[in-house]
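S.K.: The lines below spell out each chain.
Protein chains: 2
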Amino acid sequence: MANVSDPTNFSRNRTYVVSPVINEDRTVTFRFAAPEAGEVQLHGLSSSARGEFLELPKPMVRRDDGVWEITVGPVAPNIYRYNFLVDGAAVNDPNNSQVSQNERTLGNLVEIPGDAPAIYAMDDVSHGNVTMRWYRSSTLGVTRRMLVYTPPGYEASGDQQFPVLYLLHGTGGSEANWTNEGRVNFILDNLIACDAATPMLVVMPYGRAYPKISRESGSIGFRENIELFERDLLSSVIPEVEANYRVLIDRQSRAIAGLSGGGGQSLAIGLGNLEMFGSIAGFSAAIRESEFEDVYGAGLADSPAPNLLWVGCGDLDHLYDVNRALLSWLESEGVDHIAHLTGGGHDFQNWRPYLHDVAKRLFKPAAPQ
Amino acid sequence: MANVSDPTNFSRNRTYVVSPVINEDRTVTFRFAAPEAGEVQLHGLSSSARGEFLELPKPMVRRDDGVWEITVGPVAPNIYRYNFLVDGAAVNDPNNSQVSQNERTLGNLVEIPGDAPAIYAMDDVSHGNVTMRWYRSSTLGVTRRMLVYTPPGYEASGDQQFPVLYLLHGTGGSEANWTNEGRVNFILDNLIACDAATPMLVVMPYGRAYPKISRESGSIGFRENIELFERDLLSSVIPEVEANYRVLIDRQSRAIAGLSGGGGQSLAIGLGNLEMFGSIAGFSAAIRESEFEDVYGAGLADSPAPNLLWVGCGDLDHLYDVNRALLSWLESEGVDHIAHLTGGGHDFQNWRPYLHDVAKRLFKPAAPQ
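In the order they appear, the protein sequences are chains A and B.
Read in order, the letters of the first sequence correspond to residues 1 to 369 in the numbering used here.
Read in order, the letters of the second sequence correspond to residues 370 to 738 in the numbering used here.
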């Protein structure tokens with residue numbers, strides 16, 4: 001029975017176009033049906049400059065049936081974003097429903113498997129759930145969605161209470177990024193299965209008061225948007241979680257982490273509310289040097305020290321220098337922290353392993369720092 | 370802070386393209402940046418022939434900055450699918466992350482609000498959750514995802530047990546369709562809030578043994594794929610649900626329903642397993658007359674009669690005649706049922722109200738049939 005609503009991209013002769021195809025030698029074939037187009041290119045959306053196949057738009061070749069095709073690689077095992085440029089216009093791959101859903105855009109994903117299971121592989125272990133939860137934000141006067149990871153066996157764990165990681169996306173992203181692209185659930189499942197991480201909940205809210213599109217319509221400024229989200233998190237998200245899940249509610253059992261814009265939020269909200277959060281991590285954090293004294297220093301001055309303060313960035317990231325400056329400032333101030341400087345850029349190829357590293361360290365009082 | 374991974378479709382002068390925009394008079398403006406394209410069209414993916422704006426590809430007009438634009442309508446309040454044709458190639462709207470995620474494709478969604486809240490509106494009522502749950506199918510030898518709606522207050526409802534509706538998508542669809550496009554959770558929330566439906570769980574599995582793409586690669590035939598899913602449902606999905614949720618496990622408390630291909634499956638699986646399912650519904654069901662005697666008649670012959678047997682179809686649907694034939698056969702056989710013939714076609718504009726009607730009737734022993 002044909003699905004008459006199927007928006008599949010057909011070639012002119014009405015055969016299915018299958019894209020992408022991962023070949024046995026880890027080359028990848030991409031296809032796009034566009035008989036009338038003058039030029040179709042494969043465009044990687046990663047900002048990493050590691051020499052992967054994603055660096056620059058690569059021209060695809062038109063077959064006789066109007067399907068454009070390119071085979072690239074072999075490609076190192078990982079998950080990558082890509083799209084197509086059709087006569088210069090950026091579009092998604094219409095034959096690939098694997099996407100990362102951002103604030104108002106989508107990025108196609110392609111996963112290249114390796115010989116050994118990746119840290120984010122859906123391996124043969126017990127799996128936790130990810131729940132879409134609609135909550136009322138009295139702070140913002142709106143009802144909206146958060147995503148909540150609960151660890152394997154949560155339902156059957158009786159009265160056991162768990163610590164919580166609040167995990168933020170980046171600017172332009174959404175509450176779904178850490179699941180769809182970050183694979184937070186499988187990373188945690190795999191760590192918990194081998195006792196490498198404490199079973200925990202991971203709460204992923206939408207990290208802005210209002211979508212950017214509201215800002216463009218003149219309704220809200222960038223800083224106000226961030227500040228209102230902090231109030232939403234503290235006054236609506238956390239109380240909602242603590243009222244509806246079996247979670248520990250002391251500061252040692254609350255962590256906050258985020259990537260890029262969400263990394264900057266995590267450092268500012270975490271260090272500004274140390275009575276609430278015992279552990280704080282920034283992944284490629286979008287920060288400004290003016291915040292070091294004014295926000296972080298002020299927060300640290302009259303509060304208990306964090307159990308874990310983790311700062312990670314890649315040397316190809318446009319935010320590398322400001323994160324190095326933060327690390328120098330923390331050194332000079334004598335603030336205990338973990339510096340996690342790596343190769344790579346501003347992308348989930350770094351953020352998945354950053355989460356993996358942080359998750360292993362969280363909620364373990366005796367963990368070495 | 371710019372998101373360097375943002376795949377947003379910019380116009381040549383790097384201003385954001387915002388699309389779609391719902392105007393106050395319920396006209397809708399669509400935009401797509403493609404300075405080099407020769408032709409861009411708006412394409413509705415609805416198969417309904419109700420004279421909506423979606424009927425045929427409509428040419429968009431190129432602005433001086435290379436952004437193509439069209440304003441259509443006023444459009445009747447509803448949720449519609451659409452995409453663009455760029456020089457004949459079907460693509461999604463890159464500025465709209467609201468999508469229905471199918472087996473391997475995406476359809477963009479646009480919602481036109483009305484004066485009164487729709488049956489699927491996210492209204493100011495208590496909301497249930499939708500959980501992504503990864504389960505091991507021993508039947509199929511794979512781990513995969515189902516989505517589970519739990520009603521408002523499920524976590525706090527103590528020992529209370531709930532009935533379960535198993536709800537199937539159509540051919541080419543995915544376990545996410547009924548949430549993303551069908552708004553099953555908001556339809557149920559709104560009904561439960563005014564006591565019009567019994568609080569229930571809704572379980573949405575992936576309704577095939579393997580994606581169609583596996584079939585294309587020669588690994589599995591169409592019928593075998595359907596039959597293996599039935600085994601997965603009965604041997605893996607239902608036991609997983611009944612082991613992990615507080616649900617009633619008598620036949621009166623299990624229902625099965627689905628749309629299109631999933632409607633055909635619901636009738637065949639439901640009537641073929643009346644000791645398991647007390648209520649059965651087909652929405653625009655993809656069925657064959659040869660099944661009436663061989664499958665439905667055989668199932669009905671030596672089993673308890675269903676509490677509810679519901680058959681709905683729209684008069685513009687390509688499956689209208691075969692569903693009318695089913696209703697005639699049920700009449701001639703003296704099988705109690707509800708005939709729900711409507712206007713409209715093979716789309717969620719019909720399936721959302723069909724679900725609304727069925728949900729009101731489920732799990733109510735005294736309900737009029």
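Source of the hints: derived by calculation from the structure; they are not laboratory data.
Treat the hints loosely; a few may be bogus.
As the list claims (entries may be wrong) - Here are the simulated distance ranges between beta carbons:
1) A:N244 - B:N392: 33 to 43 Å
2) A:N244 - B:V387: 29 to 39 Å
3) B:G522 - A:L234: 17 to 27 Å
4) A:E227 - B:A562: 50 to 60 Å
5) A:S138 - B:A525: 12 to 22 Å
As the list claims (entries may be wrong) - Which residues of chain A face chain B? A partial, calculated answer using Cβ under 10 Å:
6) P35
7) E39
8) N95
9) T105
10) D123
11) T139
12) L140
13) T143
14) L147
15) D159
16) P239
17) E242
18) A243
These numbers come from a predicted model, not from an experiment.
Built from N, CA and C at the ideal position, the CB exists for glycine as well.
S.K.: Against this structure, judge whether each hint is valid.
M.R.: Okay, the hints, checked on the actual structure:
Our hint of 33 to 43 Å for N244 (chain A) and N392 (chain B) holds, since their Cβ atoms are close to 39 Å apart. Between N244 (chain A) and V387 (chain B) the Cβ separation comes to about 35 Å, which falls inside the hinted range of 29 to 39 Å. At about 24 Å, the beta-carbon gap between G522 (chain B) and L234 (chain A) stays in the expected band of 17 to 27 Å. A beta carbon spacing of about 33 Å between E227 (chain A) and A562 (chain B) contradicts the range 50 to 60 Å that was offered as a hint.
Between S138 (chain A) and A525 (chain B) the beta carbons are some 19 Å apart, a value that agrees with the proposed interval 12 to 22 Å. With a least beta-carbon distance of about 6 Å to chain B, the hint placing P35 (chain A) at the interface is held under the 10 Å criterion. Checking E39 (chain A) against chain B by beta carbon gives a least distance of about 8 Å; that is within 10 Å, so the hint holds. The beta carbon of N95 (chain A) is positioned within 10 Å of a beta carbon in chain B (closest approach about 6 Å), and the interface hint is therefore held.
Here the hint on T105 (chain A) is kept, as its CB sits about 5 Å from the closest CB of chain B, short of 10 Å. Hint status for D123 (chain A) relative to chain B: holds, with the closest Cβ pair at about 9 Å, below 10 Å. Look at T139 (chain A): its Cβ only gets to about 16 Å from chain B, farther than 10 Å, so that hint breaks. Proximity of L140 (chain A) to chain B is violated relative to the hint, the smallest CB-CB distance being about 14 Å (cut-off 10 Å).
For T143 (chain A), the interface hint holds, the least distance from its beta-carbon to any beta-carbon of chain B being 6 Å, beneath 10 Å. Because the closest C-beta pair between L147 (chain A) and chain B is about 9 Å apart, less than 10 Å, the hint holds. About 14 Å separates the beta-carbon of D159 (chain A) from the nearest beta-carbon of chain B, more than 10 Å, and the hint is not met. Checking P239 (chain A) against chain B: minimum C-beta separation of about 15 Å lies over 10 Å; hint violated.
Given the 10 Å rule on beta carbons, the hint for E242 (chain A) is violated: about 12 Å separates it from the nearest Cβ of chain B. Among the interface hints, the one on A243 (chain A) holds; its C-beta lies about 9 Å from the nearest C-beta in chain B, closer than the 10 Å criterion.
Hint check: violations occur at hints 4, 11, 12, 15, 16 and 17; the rest are consistent with the structure.
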